[in-house]
Each structure stands twice: as C-alpha cells, then as structure tokens.
Amino acid sequence: EPEVTQTPSHQVTQMGQEVILRCVPISNHLYFYWYRQILGQKVEFLVSFYNNEISEKSEIFDDQFSVERPDGSNFTLKIRSTKLEDSAMYFCASSLGLAGLTDTQYFGPGTRLTVL
Amino acid sequence: QKEVEQNSGPLSVPEGAIASLNCTYSDRVSQSFFWYRQYSGKSPELIMSIYSNGDKEDGRFTAQLNKASQYVSLLIRDSQPSDSATYLCAVNPNYQLIWGAGTKLIIKP
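Just so you know, the protein sequences line up as chains B and G, in that order.
Count the first sequence with the working numbering and you get residues 1 to 116, in order.
Count the second sequence with the working numbering and you get residues 1 to 109, in order.
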C-alpha cells in the first residue's frame with residue numbers, strides 16, 4: 001500500500017541554524033501539506049501546496065518557513081533560523097486532490113525536530 | 001477563529017464495551033469531518049470520514065454527524081485493548097485540517 005515517507009525521523013539542531021525536512025508524498029497525489037505537533041499539544045496546520053504553489057497557510061507559517069517541490073517526488077519544509085519553540089513533531093501529508101474538501105489526507109510518520 | 005473541541009479524557013472503557021467519543025466544531029460551513037487515531041509518538045491514522053448528516057458504519061466503528069448541532073461522534077463497538085490511543089477529530093473547512101486536542105481512550109482488559 002502506498003505511503004507517505006519522511007526523512008529524517010529525528011533532527012537535532014542548534015538555535016539559529018537552518019533545517020530542511022523532507023517528504024515523499026504518495027505518487028499520484030496532487031495536494032501536499034505540512035502540520036506540526038508540539039509535545040502534548042494539538043496538531044496544527046502549517047501549509048498546503050498544490051500545482052507548485054502555496055494554496056493555504058496558517059499564521060504559524062511566517063517568513064522563516066518555506067516549502068518547495070524540488071523534483072517530481074520530494075516535498076520539503078525549510079526553517080531558516082530555528083528557534084527553541086520550533087521543537088515539535090512535523091508531519092507531512094498528501095491527498096489525491098480530486099474530491100475537494102472531502103479529500104482524505106494521509107500522513108507520514110513524522111520528523112521529530114529538537115532545537116537546542 | 002475556527003475551533004474544534006473534544007473532551008481530553010482519559011475515557012476508560014471495559015474491554016468489549018462501546019466507547020463513545022464526541023467532538024463539536026464552530027465553523028458552520030465545514031463540509032467534511034474526520035476521525036484519526038494517534039498512538040503515542042506516532043502520526044495520525046485515519047479511522048473514519050463523514051460528510052453527510054446521519055450515521056456511517058465501518059466495521060466496529062460508527063461515525064455520527066449532526067450539522068445543525070455542529071456535532072460529530074465516533075462509536076467503537078466491542079472495544080479492544082489495541083483501541084487504546086488518542087482519538088483526534090478534524091474538520092476540513094478549506095484545504096486544511098483543523099484539529100481538536102484529542103480524547104485519550106483507555107480500554108481496560
């Protein structure tokens with residue numbers, strides 16, 4: 001069964017450093033998403049991406065965040081200058097993109113980002 | 001501000017009994033509703049989706065939607081210890097899932 005994959009599973013970085021989190025969505029899916037979950041808190045939407053551009057973004061997704069689909073398979077989230085409060089689990093998700101708002105989103109296993 | 005509310009629990013249910021999980025949402029225009037299960041340290045896993053008022057059954061799971069009351073529920077019949085997890089309610093108003101904080105369910109053998 002196709003699945004979303006994410007690398008690395010755990011990333012440790014120093015405050016102020018740049019990190020890139022990588023995702024490979026399910027191959028025939030057209031919509032891609034990033035969410036984050038701070039330990040013990042609810043899952044929060046960051047950004048959705050369709051047709052090589054951002055579709056929606058939340059207030060969390062400020063200028064220090066960017067997303068890119070550098071090739072036909074990868075979808076990346078870059079955090080330019082990490083802060084302590086960026087420590088969280090980051091989930092990538094993808095959906096077919098054909099069913100509108102009823103599209104089901106499938107999640108990858110997550111990358112745990114620890115900022116020291 | 002779009003909100004999704006869930007009782008955080010924990011909800012403790014004996015093995016074999018019915019577990020009932022509830023969720024309310026604030027955005028009246030929301031059209032699609034999802035229940036995900038999340039084990040500790042893992043990613044959300046889709047259990048059920050529901051889009052129309054009424055009940056939707058899938059095996060031991062039944063989702064119920066009442067748009068007039070802005071209320072979604074999930075029933076788990078014949079609860080098993082493996083059902084112990086946090087159940088997340090999510091609403092999709094605009095190509096983004098808005099999440100509740102989740103209800104922790106504990107199934108006692």
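Source of the hints: derived by calculation from the structure; they are not laboratory data.
The beta carbon of each residue, even a glycine, is placed where N, CA and C say it ideally should be.
Treat the hints with caution; some may be incorrect.
In the BS3-like style, the derived pairs of lysine-lysine whose C-alpha atoms are separated by at most 30 Å in a straight line are [unchecked claim]:
hint : chain 1 : residue 1 : chain 2 : residue 2
1    : G       : K108      : B       : K57
2    : G       : K56       : B       : K78
3    : G       : K67       : B       : K42
4    : G       : K67       : B       : K83
5    : B       : K78       : G       : K67
Examples of chain G residues toward chain B, derived with CB under 8 Å [stated by the list, open to error]:
hint : residue
6    : G9
7    : S32
8    : Y39
9    : P44
10   : L46
11   : S49
12   : N53
13   : F61
14   : T86
15   : L88
16   : Y95
17   : L97
18   : I98
19   : A101
20   : G102
If you take the shortest Cβ to Cβ gap from G9(G) to chain B, is it below 8 Å?
14 Å, violated
Should the hint that F61(G) touches chain B count as held when the rule is a Cβ pair under 8 Å?
15 Å, violated
Would the hint on Y39(G) stand, with a C-beta cut-off of 8 Å toward chain B?
Not OK, violated: Y39(G) not within 8 Å of chain B, min 11 Å.
Are T86(G) and chain B close enough, Cβ to Cβ, to be under 8 Å, as the hint says?
Hint on T86(G): violated, closest Cβ of chain B at ~10 Å, above 8 Å.
Can we keep the S32(G) interface hint, with Cβ of chain B closer than 8 Å?
5 Å, holds
So, S49(G) near chain B? Judge it on the closest CB pair being under 8 Å.
For S49(G), the interface hint holds, since the closest Cβ of chain B sits about 6 Å away, which is under 8 Å.
Measure nothing beyond the straight line between the CA atoms of K78(B) and K67(G); if it is 30 Å or shorter, mark the hint as holding.
38 Å, violated
Mind checking the CB of L46(G) against every CB in chain B and telling me if the closest is under 8 Å?
6 Å, holds
Can we keep the L97(G) interface hint, with Cβ of chain B closer than 8 Å?
Since chain B brings a Cβ to about 6 Å from L97(G), closer than 8 Å, the hint holds.
Does the closest beta carbon of chain B sit nearer than 8 Å to the beta carbon of N53(G)?
14 Å, violated
Agreement of hint P44(G) with chain B interface, Cβ distance less than 8 Å
Interface hint status for P44(G): holds (5 Å vs cutoff 8 Å).
Could you check if Y95(G) really has its C-beta closer than 8 Å to a C-beta on chain B?
Given a least distance of 5 Å, the restraint on Y95(G) holds.
Violated hints, listed in ascending order, are 1, 2, 4, 5, 6, 8, 12, 13, 14; each of the other numbered hints is respected by the structure.
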